[in-house]
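With the hints as extra help, turn the sequences into a complete structure.
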Amino acid sequence: DGGITQSPKYLFRKEGQNVTLSCEQNLNHDAMYWYRQDPGQGLRLIYYSQIVNDFQKGDIAEGYSVSREKKESFPLTVTSAQKNPTAFYLCASTPSDVSGDTQYFGPGTRLTVL
Amino acid sequence: QQQVKQSPQSLIVQKGGISIINCAYENTAFDYFPWYQQFPGKGPALLIAIRPDVSEKKEGRFTISFNKSAKQFSLHIMDSQPGDSATYFCAASKGGYSTLTFGKGTMLLVSP
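Protein chains in written order, with my numbering: chain A, 8 to 121; chain B, -2 to 109.
Hints are computed from structural coordinates only; laboratory data are not their basis. As the structure is a computational prediction, the values presented were derived from the model and not from experiment. C-beta: ideal position from N, C-alpha, C; glycine also. Everything hinted at is true.
Dumping the calculated BS3-like pairs for lysine-lysine here, alpha-carbon to alpha-carbon at most 30 Å:
| # | chain 1 | residue 1 | chain 2 | residue 2 |
| --- | --- | --- | --- | --- |
| 1 | A | 21 | B | 39 |
| 2 | B | 55 | B | 12 |
| 3 | A | 64 | B | 91 |
| 4 | B | 2 | B | 68 |
Ranges between beta-carbon positions, derived for each pair:
| # | chain 1 | residue 1 | chain 2 | residue 2 | range |
| --- | --- | --- | --- | --- | --- |
| 5 | A | 103 | B | 58 | 27 to 35 Å |
| 6 | B | 76 | A | 59 | 40 to 48 Å |
| 7 | B | 68 | A | 33 | 33 to 41 Å |
As structure tokens, this is what we get:
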């Protein structure tokens, strides 16, 4: 089955801890994205990567970090610097970075800070 | 700065009725306008998309109407069904190497 997988589905973190959210795709897509979703806020772009070993900040990158060492993987680390990390995190990918390509989303990870 | 404004925030429609969700954008460089559907606890899925060279696109019960001069586009769901109850997001992107800008979403409830 081709698609995007995110793990874990639910994640609990204590304040002051860093956590890493996994995103893997076997669609051979070039571009990958991380979004944060809060109730009533829509989807806000955290980071995106158009090619391996390269990534750009989105609108709300503060307190987050990413890496893109492999085409199929784009992990997101939520650091202790992120003041309000409780949210639903979505990973997406597209075949290329050209406008008009459908973004395919993973099932999401719900992060809760205790 | 909200580049894509979506309304209403929530919508209740009776089964068989027409659901209409509207979006307005500011950036005239946008040239791709998709709509996504999201069920609770799931990731969004592309529903239908349009480019500015056409004023309407229809796929089954779903239609996008696009008004370039007014910088507005809307989603119409004909013969709405309870299974259509979900959150709908409009989005827009510019040409070339650009990302999607999303509206804040509309929660649709179709009553039986």
